[in-house]
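Given two chains presented individually in distinct reference frames, assemble the corresponding complex, making use of the accompanying hints.
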Amino acid sequence: MTELTNAYIAEKIRNQFGDAILSASEPFDMLTLVVNPSIAHNVINFLKNDSEIQVQFLTDVCGAQFPEIEGQEFCVIYHLHSLTNNIRIRVKAFIPASTPTIATVSDLFSSANWQERETYDFYGILFEGHPNLNRIMNVDEMDYFPLRKEYPLEDGTRTDKEDKYFGR
Amino acid sequence: MSTELTISKAPAGLEGPGFFATNIDKVIGLARSNSIWPLPFATSCCGIEFMATMGSNYDLARFGSERMSFSPRQADLLIVAGTIAKKMGPVLRQVYLQMAEPRWVISVGACASTGGIFDTYSVLQGIDKVIPVDVYVPGCPPRPEQIIDGIMQIQELVKNEPLRRRNTQEYKALMQQYGIQ
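Which chain is which? The protein sequence lines are A and B, in order.
Residues are numbered in my numbering as their position in the first sequence, beginning at 1, plus a constant of 764.
Residues are numbered in my numbering as their position in the second sequence, beginning at 1, plus a constant of 10.
Simulated from the structure, these hints should not be mistaken for lab results.
Treat the hints loosely; a few may be bogus.
To be verified - Calculated cross-link-like contacts (lysine-lysine; reagent style DSSO-like; alpha-carbon spacing at most 27 Å):
1) A:913 / B:96
2) A:925 / B:97
3) A:925 / B:96
4) B:139 / A:928
5) B:139 / A:925
6) A:913 / B:97
The following block holds chain B by itself, in its conformation from the complex (with noise of 0.2 Å):
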């Protein structure tokens, strides 16, 4: 077996002997991108499917996600795969408030997104409308081929967020829009 590794490309900045010299953003990004700590909010098919991505043949650890934080308290990256139902809603929303900023959140599958097929009463019509929303992973149920392509354009959301980005006010006001403060 190969034993060669993969390092990470350094950000662009100011090399010489002995010292090297970049902003502080890229350096938090880039480390915050590949160590996320994503809470898996799973409530049918499309949680099935993260299972997989999570499991050793797709292997999600690769991304640097190898731990799953099953407490919102240490989690950087909230996962929704299935339909949730409305009166789920709160509780969802619950669950992103308990998070820490910085926060991301992915959207897997049509249900998730959009209520997909249940456009009916009992169910929320996108996860969107009680909390913002990152990435969307569109699928019913979606492949772990997609689930992970979705994961690594959160981590380029990652490694290139400034670290004001939260004190915004375009950010304020999205947060505004969905009454969190």
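Excised from the complex, chain A in its bound form (with noise of 0.2 Å):
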């Protein structure tokens, strides 16, 4: 058997999926892949179902924001692990504010159903599929999603505060 490098395994999904990984690179010496947010499902079932790779286990699914980058303003972000060859995969898919819609992935992997919703209930990004799309972490009656970057951090009925000792 040959030895898993991040080389080889991005070689290997390179084959498989062709054009529609945008990049890979390996900062912190993680393999991370950037892929074409229509594909990201299949890549993580591949990952998933390959004889060889073997992830069994979804770490972690969150979200991030650069508004400045145009039509790829919302990131989707899904660390990987493979426990029995101990590897941790990063795959990045980035989605426009237009439509922040992915597949959802918790079909795959069940521990996602959370963490979707807490994506979704933080960045307000939609995961087609997902089975109950909620917010999980906020009130209920939330009308925005805290953690974009429109929206100030601060409360806004926040009353004890003077402007002028904050230098504002």
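Rendered as structure tokens:
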């Protein structure tokens, strides 16, 4: 059996998906794949079911926002872990703010259910096919996505702060 | 060890051989203020300070609050110690509603009183946004001495409260303000 280096895994995925893998890099020795959002589900499915790589565990799903990159404002990041081979892989998919949707991976990993709900809760990223996509951490009445950069972090109902003490 | 006991001072009244007359308000106030059953609603570090206050070193029991009531139905005093997230707000309010009158509320620490350092989207900016508060204890977190001072101030309130206060227009208006019947 060949040794599972990052280069080998990247090559194997490139052979499978071709141009849909937009880039592969190794920040801090961790294989990071930027993929076309339409195939993110397929890539994760491939990594999970591949007889060599055997990714059994989805460590994390999270979001990020880059308002300055037009057409790629939101990013969904998946952290995958192969317990058999002790390999971690990061998969990123950039999606536009106008249609912030991506396919759910909760059919592959049940743990994605809550993590995708959390990502929706804070960034408003819509996971298509998710069985129960509603708020998980914040109050149900909240009418915005608090970690988006267009909203202030501070609470608007605060009454005891005087602006002059904070240089405003 | 000394066995000397401190006995609460009797309220002002008319005294003679074999009788003592005073206001029933004052007698009831005296009894209530020395037998407050607190309900601790502790969510974070202020709660730890409150545990020290209850413990043997600071001994809150000296003030008649021997028994913590962990059921709001039997509690007189709600002690809110710690950060209250917005999601916790309705829970806190429900606990308050479950308490029987007369009831008092003490807000321990900066977070419960104003939101403290957590000026952020997820934190309630002071519990007085959802329930009325009688005494605020400042500090981050306050020392047990401060919490005891707050409870002694509550005792003063309890002692001097007229029995009909909770039927007054003023009190009803306050409750109305919070949407509480």
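Hints, one by one, checked against the model:
1. A:913 / B:96: 21 Å, holds
2. A:925 / B:97: 23 Å, holds
3. A:925 / B:96: OK: residue 925 of chain A and residue 96 of chain B at ~19 Å, within 27 Å.
4. B:139 / A:928: 24 Å, holds
5. B:139 / A:925: 16 Å, holds
6. A:913 / B:97: 22 Å, holds
Taken one by one, the earlier hints all hold for this structure without exception.
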